[in-house]
Amino acid sequence: MISINARRILFILVFKVSFLIAGAQSLPQVLDVADKQFRLGNYSLALKEYQRFLFFDSIAEPEVYDHIGTCFQNLKQFEQAAGFYDKAYFSYTNDHLKNKALFSKVECMIYMHDFALALADILSINDTITGEDYYKKELLVGICYFGMEDFTNSKASFVNCIESGDSVTRRKIVLIFDNKKNFYKPNPKTASILSMCFPGLGQFYAGDIRNGINSVLLTSALAFLGARIAINQTIYDAFFTVMPWFQRYYQGGYVRAENIAIQKRAIHRSKAYEDTLELIANTRKY
Amino acid sequence: MLQKTIFTILLFLSINCIIQGQSKYEVLKFKEVFEVHKHTDKYSFAKNTKNEVQVVFSGLFLFYKYFVSSQDVVSCVFYPSCSVYALQTIQKNGIAEGMLATFDRLCRCNGLSPDKYDIHKESRLFYDPVE
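So the sequence lines, in the order shown, correspond to chains A and B. Going by this note's numbering, the residue at position 229 of the first sequence is 241; the numbering climbs one at a time, nothing skipped. Going by this note's numbering, the residue at position 28 of the second sequence is 154; the numbering climbs one at a time, nothing skipped.
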C-alpha cells in the first residue's frame with residue numbers, strides 16, 4: 013500500500029513533468045495542420061489555422077495566401093478571397109503562378125458580379141500567354157463582357173476559347189450570339205410603352221398572360237367605377253374618388269410589365285450563356 | 127499508305143480539337159454566374175392555417191397579394207410589408223393583439239422616422255419584423 017504522502021508526491025511529480033514536457037505548438041506545426049486540413053477539404057478549419065499562422069507571422073509564403081484565398085472562395089466569401097489572391101499574385105515570382113492567382117482573383121470578382129474591375133484585371137495579363145492560360149483568359153474575358161452586356165466582344169472571346177480547327181463548334185457559338193431573340197427580346201421599354209397604351213398589353217407581350225389578365229381586370233374595374241360615379245354623381249366626384257386608385261394600378265401595371273420583360277430577357281440570356289458554356293466544355297478532354 | 131496518312135492526319139486533327147489543361151468542370155463552374163433564380167412561393171406561410179379565422183384572413187391576404195398588391199407600385203416603406211406583417215402578427219399573437227399591432231404598423235407606415243429603423247439589405251426598406 014502506498015501511503016497518502018507518497019501518493020501526493022507522485023501526483024505532484026506527474027503534474028510537474030507533464031508541464032515540462034508540454035510545449036506550445038510551433039509555427040511550422042500550425043502551418044502543417046492548416047495544410048493538412050486544406051488538403052482534406054476542411055476549408056473552415058484550415059482557414060482558422062492559416063489565420064492563426066498569419067497572426068504570429070505576418071509575412072507568409074505566397075502559397076499560404078493562395079490557400080487562404082481558396083478557403084475563402086470555397087466558403088463563398090469572395091471579397092476576402094480576392095484580397096488574398098491579390099497578395100499571392102504580388103508575392104509569386106513565377107509568371108505561371110502569378111497568372112493562376114490572378115485568374116482566381118478574377119473568378120471571385122465574377123462571382124461578385126464586379127465585371128468591369130474583373131475585366132480590367134484580366135486584360136492586364138500579358139498577351140503572349142499560350143496554351144491553358146490563353147484559353148482560361150479568353151473564357152474569363154468572355155464572361156466579363158457578357159456580364160457588361162457587350163455581346164459582340166463576348167462572342168469573340170468565347171469563340172477564341174475553341175481551337176481554330178473546330179469550326180463546327182465555333183459556328184454554333186456564333187449562331188447563338190447572332191440570334192437577337194436570345195439577348196434583346198422581350199424589350200422592357202416596349203413592354204412598358206405597350207402597357208401605357210393599354211393596361212396588360214405589355215404583360216401579354218412579355219409572355220405573362222396571368223398578370224396581363226389581372227392588370228386588365230383591375231384597371232377596367234376601376235375605370236368602370238369611375239365612369240359610373242361620373243354618370244350618377246359628377247365628374248369631379250369620379251376624379252377625386254377613383255382617379256388616385258386608377259393612377260396607382262395603371263402606373264403599377266406598366267412598371268410591372270417592364271420588370272417582367274427584364275426577367276424574361278434575363279432568362280433568355282442565361283439560357284444562351286449556358287448553351288455556350290456547354291459547347292465550350294464539350295471541347296475539353298476530361 | 128495513303129489511307130494510313132489520311133488516318134494519321136484525321137487523328138491528329140481530332141486530338142488538336144480537344145483543348146488540353148482546362149477541364150470541363152473549370153468551364154461549367156461558371157454556369158451559375160448568370161443563373162436566374164425563379165421566385166419561390168413567398169407567401170407559403172399564409173397557407174399554414176390552424177383554424178377558421180386564420181383560413182379567412184389568409185384567404186383575404188392571398189387574394190390581396192396575388193391580385194391587387196401585385197399590380198401596385200411599391201408604396202409601403204417597411205420590410206416585411208404591412209400586409210405580410212398583419213398576417214404574421216395575427217398568426218403569432220391572435221386576432222385581438224394582432225389587429226392592434228397591425229393598426230399600429232399602418233400608422234407608422236409613412237417614412238417620417240427613419241432614425242428608428244434599420245435598413246433591410248435586399249429591399250432597402252425599413253426593417254420592422256414581427257416581434
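Hints are computed from structural coordinates only; laboratory data are not their basis. Nothing here was measured: the structure is a model prediction, and the numbers come from that model. Ideal placement from N, C-alpha and C gives every residue a C-beta, glycine not left out. Be a bit skeptical, because a hint or two may be false.
Anything over 12 Å on all C-beta distances counts as not near chain B; from chain A, calculated [what the hints assert, rightly or not]:
| no. | residue |
| --- | --- |
| 1 | Ile137 |
| 2 | Tyr147 |
| 3 | Glu286 |
Rough simulated footprint, nothing fancy, chain B against chain A, three-plus residues with beta-carbon under 8 Å [what the hints assert, rightly or not]:
| no. | segment |
| --- | --- |
| 4 | 63-75 |
| 5 | 216-227 |
| 6 | 252-259 |
| 7 | 278-284 |
Pairs of lysine to any residue residues, derived as SDA-like cross-links and limited to a Cα-Cα distance of at most 20 Å, are as follows [unchecked claim]:
| no. | chain 1 | residue 1 | chain 2 | residue 2 |
| --- | --- | --- | --- | --- |
| 8 | B | Lys157 | A | Met160 |
| 9 | B | Lys150 | A | Lys99 |
| 10 | A | Lys88 | A | Lys99 |
| 11 | B | Lys155 | A | Lys99 |
Now for the hints, and whether the structure bears them out:
no.: 1; hint: Ile137; verdict: holds, 15 Å
no.: 2; hint: Tyr147; verdict: violated, 5 Å
no.: 3; hint: Glu286; verdict: violated, 6 Å
no.: 4; hint: 63-75; verdict: violated (count 0)
no.: 5; hint: 216-227; verdict: holds (count 3)
no.: 6; hint: 252-259; verdict: violated (count 0)
no.: 7; hint: 278-284; verdict: holds (count 4)
no.: 8; hint: B:Lys157 to A:Met160; verdict: holds, 16 Å
no.: 9; hint: B:Lys150 to A:Lys99; verdict: violated, 28 Å
no.: 10; hint: A:Lys88 to A:Lys99; verdict: holds, 18 Å
no.: 11; hint: B:Lys155 to A:Lys99; verdict: violated, 24 Å
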